[in-house]
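Undergrad: Hints given; two lone chains; assemble the complex.
Sequences listed follow chains W and H, in order.
Anchor point for the first sequence: position 226 equals 226 in our numbering, and the numbering is continuous, going up by one each time.
Anchor point for the second sequence: position 159 equals 159 in our numbering, and the numbering is continuous, going up by one each time.
Calculated directly from the structure, the hints in this document are not laboratory data.
Warning: the hint list may mix true and false statements.
Unchecked claim - A short, non-exhaustive set of chain H residues, derived as facing chain W with CB atoms under 7 Å:
# : residue
1 : Ile170
2 : Glu171
3 : Asn228
4 : Ala238
5 : Val241
6 : Ser408
Using N, Cα and C, we set each Cβ at its ideal position, and we do this for glycine too.
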Amino acid sequence: MSPALALEGLSKRYGALDAVRDVSFEVRPGEIFGFLGPNGAGKTTTLRMVLDLVQPTSGRLSILGRESASAVRNRIGFLPEERGLYRRMTPIDAIVFFAGLKGVRPAVARKRGLDMLEAQGLAAAATRPMKALSKGMAQKVQLICAVAHAPELVILDEPFSGLDPVNQQGLEQLIRDLAARGATVVFSTHVMAHAERLCERLVLMARGRKAFEGTVAQARAEAPRALILDGAIPPEAAAALPGVTGVQSAPGAEPPRLILTLAKGARPADALRAAFAQGLDVQGFEAREPSLHDAFIILTGEGRA
Amino acid sequence: MSRLWLIAKREYLSYLRTPGFWLSLMIGPIAGLIGGFGPTFLEHSAPAPRLAVIDLAAPTGAGARLQAILTARPDFKGQHPTAVIRPFPAQGDLAAVEAQLKRSLSDPNGPIDAAVVLTGAADHPEVRFWSRDVADNREVQSAVADAASTDLRLNRLKASGISPALLASIETAKAEVVRFSAKHGKSGKAMHDIAPTLAAFGMAFLLWMLVVTGAGILLNSVIEEKSNRILELLMTSASTVEILAGKIAGVAMLALTVMALWAGMGLYALNHYAPPGIADELMKGLTANHAEVWFLAFFGGGYLMYAAIVAAIGAFCETPREAQTLFGPLMIVLTIPMIFMSSAIRHPELPMLRLMSWLPPFTPFLMTARLASNPPLWELGGSLVLMAAFAAGVVWFSGRAFRAGALSTAKLTPAGFLGVLVRKEA
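Pulled out of the complex, with its shape left as it was, chain H reads as follows (with noise of 0.2 Å):
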């Protein structure tokens, strides 16, 4: 059985038996569900804010007609209505009314969340709406001056001559948009067309949490071996490549389970509770151009530079308070294609874009990202290369730095790790 096989094996059974690794298999799934359902299920806990509709306009009934346009939308109706309308007793002129609805508004428990009042003539009317603070019931807001201008609107046309039954033929006009795109030449299906996205975006912030996971599990692993004096037993026991490739190795492989267990719930997730044909055409989009290909060579990359270099950076440290001052660097630069994987997938092709997925510590995340929009061949195959070529010199530094770190007992230093490079020897 050789070294780099014993080193991956003691590194992959050592984690996955502890119950941190089956906690953090967990959270994964569970934070892409807060994360997918979170906001959704947040707005839903709250009751519906109360709206009262206050006409102090002259009178030609616009409070009346403003509530009726209100409550015929579709987002004030069903079990989680935008608001929902409540009388609010207010009496005399505008500025009493206003006081009213201020220490209303200003008790919690109080009958109304927000209000609106109408003022001045039918044709120029003016319409304040009352909330508790300015940034409440935003929603609330837009829908209230949606249904001021909507009224308005067939005020003028009303006024202009037009006929009552045309006036409603016109407010219930509606163009059918029916959507087709160049790939796929249908339409219909919706589905057909953002599944590569919806894939291509999913793999890349796997492929990102992936490399972070395994870092992370990389780093602990390393600076246990330093501090505890084993990663000197172990380099009279194999060579540096020995030591670095079995780590980077287990690592992997326990990356790769984490990746199939995922990949599994997600199957399982999808084909029970997904409406129908959804699972089916995520599957095409995963696959759609060799994408799970590119996938896993970008992965391979990506991973096998970012682990060297925190495997590198942990043979320096025996704490993890030592590590951070260079593994927060390197988290900086892991956030950056974080930033952009979002514009990736939906302006694939922006020349920012198409630049940044050629340097090679951002190509695994971003070209991954990219692979909905079916990018050249030449582009995906020449960045693959240069990543592959920046990661074997990463490796080749890292060993370097990697040996170096595991038999020194100085202090770490930015300026001591960088000058591994140009050191004679270790």
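Pulled out of the complex, with its shape left as it was, chain W reads as follows (with noise of 0.2 Å):
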């Protein structure tokens, strides 16, 4: 099956900055994929890019099996980065306008916005004018207007920002829904916990360059595990254990704890036998896996900054 979306040696240049350099990368038909890094990493001109917004300087792509956006528009669904709707609009109208900008008739974009707005609990809200919502409302709204012609290729430039808690779930859902029903969703997020519940795959973006591409397991098997002792242990004898690269204390833990960062492919096991072997005061302990965030400090060496 031919990739959704596929970038080759995709790059921009503007002047003497270098915003893209050189990324390649795919995703699925019908998969969640993850956009992430850190701001100001080349996410959003990399979209840009994609959606015929900006055009590279160099290298090629290929989106819904053609070379450019804009000849697949109608099969496309965008929300930018920073969001906006005309203030006067009321959203009803608004997710007509934009679904018949995509080739919807009128009467179908109409039923299928109040659904989606009685799904979001827009509801009561479906005609007011937009400037008379609340930013999430709004937010959603914008959504709505974004994916209401049922569009092959979703792509949302860092949708959870400016969410609460609540409506970062709803999204969540929404984003799950869509891919349940067949279209491909890429996001960019700079925030890990909302690519490690959703993506299947992802991408990292660190400086320009792509720095890592894989499954969420790959992304975090590219960070080191940890081993977490409670007791007196001398941390230069811990620091000594079989795998152990790094020793960190737990200021004002009782009984004394220390934090162990194991190397690329250590096991917690190894590290606990010897310290037993070598008669350490071990009175507790824990294995800890890696999260997608401690991969993303290691891949984007944000850490090292």
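TA: Here it is, written out as structure tokens:
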């Protein structure tokens, strides 16, 4: 099956600044794909190139089988990072207008829009002007505008920013629903928790380059595991245990606590077995798997900054 | 339904629903009424100035004669006379009288507003006109000068032995001028000749108003979309051409709605309140030599030219204040034809005006204003083709600038705006 989106050596240069350098990856049809990276990593520029809003300096891309998003714009839904709608327009009129631009007949768009507004708890706000809605409500309306034409590919640029936890949860569900009905969803974020819960695969961007591409599990495997030991254990002795690359004391813990960072591929059980064998005062222990956030820090080099 | 039509419809309906649209719709005719009748109303709203005639000349009755000549003038009669004669009890020599006048005229509630003091001999009179301020009562001063000259003339004619009967007949002798024109070849109905002129001026002025109003609406609309980040979203849903053309078409529909409503109001007013026949003559003027077709062609080109530029400016701006830096110079360009429009009506064949009407930014207004003089077809056609070519270039450039501006987050500078011309990609 051909990819929904494929980038090949895509680069964008603004004068002396390399905003995006030689980025390649593929998004499979029907998957939820995370496009992660810290602020200024080149995520938005890449998405703007994908959407044909910015011309790449070099490289190629394929989107829904075509070379340009302009050729398939009716099959794409887009939520920009900086959001806004016509302030005097009502949500339902905005949905009908934007769906109309994507080729949906007004009656169909109206029916679909009202259903989606109701599903998001916004039925009562359907005919109120946008300027009367809260930021969270307006953001949901804009998302509905982006997907009311049932696109095959949905591109969401930082969709969770500015939303409270309850609305973030609602948005996560909406993204799952889109994927469940067969749409491919690409979303950018710098909040790893969302990606961890939603994504099957992801790309991590750092300083305009692709730093990682793979599954969430593969990304986490890039980060070291940790072993937590409680007890009166000398840090030097802990540092000498097999596979340990770093030791940190947890301040104020009772009994004293050490957090041991393990080398990539090292097993916590080996270090623990050695600690018991050496008669160290191990009163409690816990093997901690790395989170995507840990992987993000390692892969993007943010921790080194 | 095409995207262009959807964008145009949204543009049209969104502005049509605002109170601002209905206000501006009403302001046009109100401004016209104020402009047309305001000065006359202002003149009539003030009481007629009170004029005193003080005769200090030799006892020849110059004062009485001047007063008689003035009161016999048509403009000193009726409901709104130029002035009314009032007595002023002044005594003493010239210095004493003028001192009293000065005191009286310094008082805003004084008994008179102006005075004429006659001194000197009958055949060599000195007429001294007094008013509160030098700029006051110019019309009264002119009437007094006229009347004094008439008296002097009559006196001298009488002194040369001409009989009073002959003098009276000389005074009442007046040639009657009957108007003819090469265009109509007949006399009497002055409206025949001035109707095309009035119609052409009206059309040129209407075109100017519509371009300026449309440009303002378009500028605000694009700024709103830019500042609310809607333009970027639109650009993922439609091409730049569709967005730009849709917005321009939507505002053009608004302008045409305004034009139709104003025309309707004008026709109603002409049919109900103007003297009989005026409406017919004006309609003939509007359609003389296919003026209405040329008007629509010049309106189309002119509107497209200015609308495209304004849309491009708006795409770079997030606030009206930012837009002023570029919209200001454009308004100056738009003011130039306004200055020359009245000359184009009165002297349509002036070489300078003919040259200016070939300059595409001025063509729509000046050529429309010159329509009354029935310019040669080659001039009309040639300037229209030149304007169309220029408009096409402007639209092409503005399309690039619009896209660059819509996707740009950089601050607007004139250099940045013009840089779009030379940049390979925005």
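Undergrad: Determine for every hint whether it applies to the structure shown.
TA: Hint-by-hint comparison with the structure:
{"no.": "1", "hint": "Ile170", "verdict": "violated (75 Å)"}
{"no.": "2", "hint": "Glu171", "verdict": "violated (71 Å)"}
{"no.": "3", "hint": "Asn228", "verdict": "holds (3 Å)"}
{"no.": "4", "hint": "Ala238", "verdict": "holds (6 Å)"}
{"no.": "5", "hint": "Val241", "verdict": "violated (11 Å)"}
{"no.": "6", "hint": "Ser408", "verdict": "violated (11 Å)"}
In terms of the numbered hints stated before, the structure departs from hints 1, 2, 5 and 6, listed from lowest to highest.
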